[in-house]
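There are 2 protein chains.
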Amino acid sequence: MDEVKIIEIKQSVFAANDKQAEQLRAELKEKGIFLLNLMSSPGSGKTTTLTRTIEALKGELKIGVMEADIDSDVDAKRIAATGAKAIQLHTGGMCHLDAGMTRQGLEALETADVELAILENVGNLVCPAEFDTGASRNAMILSVPEGEDKPLKYPLMFSVCDVVLINKIDVMPYFDFDLQKCKEYIHMRNPKAKIIPICAKTGEGIEQWADWLRAEVAAWKNEA
Amino acid sequence: MDEVKIIEIKQSVFAANDKQAEQLRAELKEKGIFLLNLMSSPGSGKTTTLTRTIEALKGELKIGVMEADIDSDVDAKRIAATGAKAIQLHTGGMCHLDAGMTRQGLEALETADVELAILENVGNLVCPAEFDTGASRNAMILSVPEGEDKPLKYPLMFSVCDVVLINKIDVMPYFDFDLQKCKEYIHMRNPKAKIIPICAKTGEGIEQWADWLRAEVAAWKNEA
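As you go down the protein sequences, you meet chains A and B in turn. The first sequence begins at -17 in the working numbering and counts up by one. The second sequence begins at -17 in the working numbering and counts up by one.
If you are wondering where the hints come from, they were derived from the structure by calculation, not from laboratory data. Possibly wrong hints are sitting among the right ones.
For identical chains, the list gives no copy identity; a pair is met inside one copy or between any two copies.
List of simulated lysine to aspartate or glutamate pairs, EDC-like, C-alpha gap at most 16 angstroms [said to hold, decoys possible]:
#1 K174 with D95
#2 K165 with D144
#3 K174 with D144
#4 K1 with D114
#5 K13 with D144
#6 K59 with D131
Just so you know, these numbers come straight off a predicted model, no measurement behind them.
Just chain A, with the same shape it has in the complex (with noise of 0.2 angstroms):
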């Protein structure tokens, strides 16, 4: 598998997150760059579900995705392989990305080129809910092991993020999961969200979520 580049970010300093988030959006607008800020529980298929949608929209977008991680470069690799634009950012331990950390990454990924920049943060439900990162859109994956109730445990998560995908519906059989409810919790968060149930290992939905991620780069580029 190619090389990829690994970045050490360090958090930002600047306790004006909002502000920085604001003013990289606009940046990040001006330039043409739709950002795509990915949340999720560690395991819930992340990076699966980005080399799917990096698969879909390859013709149509040029897509740059950072994957920020703790440690390790097991995913920036992965989609290294897709053919598209890379890099792996270190967060030196911390749980979330900021405005600034962002930043710095998009600055490492060099989106001269890009279309649509997609941001892999770290995997946890709690802490990036918490830091605007600048992105145009906040989406958030929710596995079918998981359980349906995490939207009563993570309020903030999903009251942040504009889609919902919920994955590994393959295995919905060996689960307990009731995907009638969970579509309940997660309105009761946030009657706005979109919800698109996913199979991320077999493609099933990937096709309805690309649908949605064109129709919302459509949309932004006529937001004021």
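Fit chain B to the supplied structure of chain A, relying on the hints for placement.
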């Protein structure tokens, strides 16, 4: 189901968490209370594992459980249904428990008649690993659907745990999970970690886990 006590805990303002943790550990030793800190990702099966653990040890040890979550009381209700003493700790959005927060929890639990106190930490593979709670032993659960590569990505968590339970082994045939590789990765981070494959749902491996706990409680009693 029984009503359970819900405690809103505040993050300790003292920076010297390690010192507080040592002090709490010494006090608990004095009182004869073994404190187990149980950590994992969201949805890896902490609560189901605990209900099985209580079943296995019910006649031998007086058990009290603190269920930490950002929101909801579903877990404490499940524990209370086993007949064990249980309280719910709400962390007010915090992603982990420190020693001061654990002390508040123990006070609320009322431990006069407790021999084995169990803290179910917030579902998170990052932050809880950074804060010593004052526990006698640290345990974690990694579930099969999360993937065997987690020790590569979340090194600190695996290095601070005395025991790693590999849960949901019943669904191994439906996931690409390499148990041998997983064990190697865990031992890379922590050569001394005990590894016990279990299925909390069916009860497989629980007796081995209960044996480990029995032996650790006995060893701890003889520690200085």
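Going down the list of hints, with the structure as the test:
Within a single copy, K174 and D95 get their C-alpha atoms no closer than 32 angstroms, and across copies no closer than 48 angstroms, so neither meets the 16 angstroms cut-off. With identical chains, the CA atoms of K165 and D144 are at most 16 angstroms apart within one copy only, with a shortest distance of 14 angstroms there and 37 angstroms across copies. Taking CA atoms no more than 16 angstroms apart as the test, K174 paired with D144 passes inside one copy only; the shortest distance there is 7 angstroms, against 43 angstroms between copies. In this homomeric assembly, K1 and D114 come within 16 angstroms of each other (Cα to Cα) only inside a single copy, at 9 angstroms, whereas the closest approach across copies is 33 angstroms.
Taking CA atoms no more than 16 angstroms apart as the test, K13 paired with D144 passes in neither setting, with 22 angstroms inside one copy and 50 angstroms between copies. In the homo-oligomer, the alpha carbons of K59 and D131 lie at most 16 angstroms apart only across protomers (14 angstroms), although the nearest pairing inside one protomer, at 33 angstroms, exceeds that limit.
Checked against the numbered hints above, the structure violates hints 1 and 5; every other hint is satisfied.
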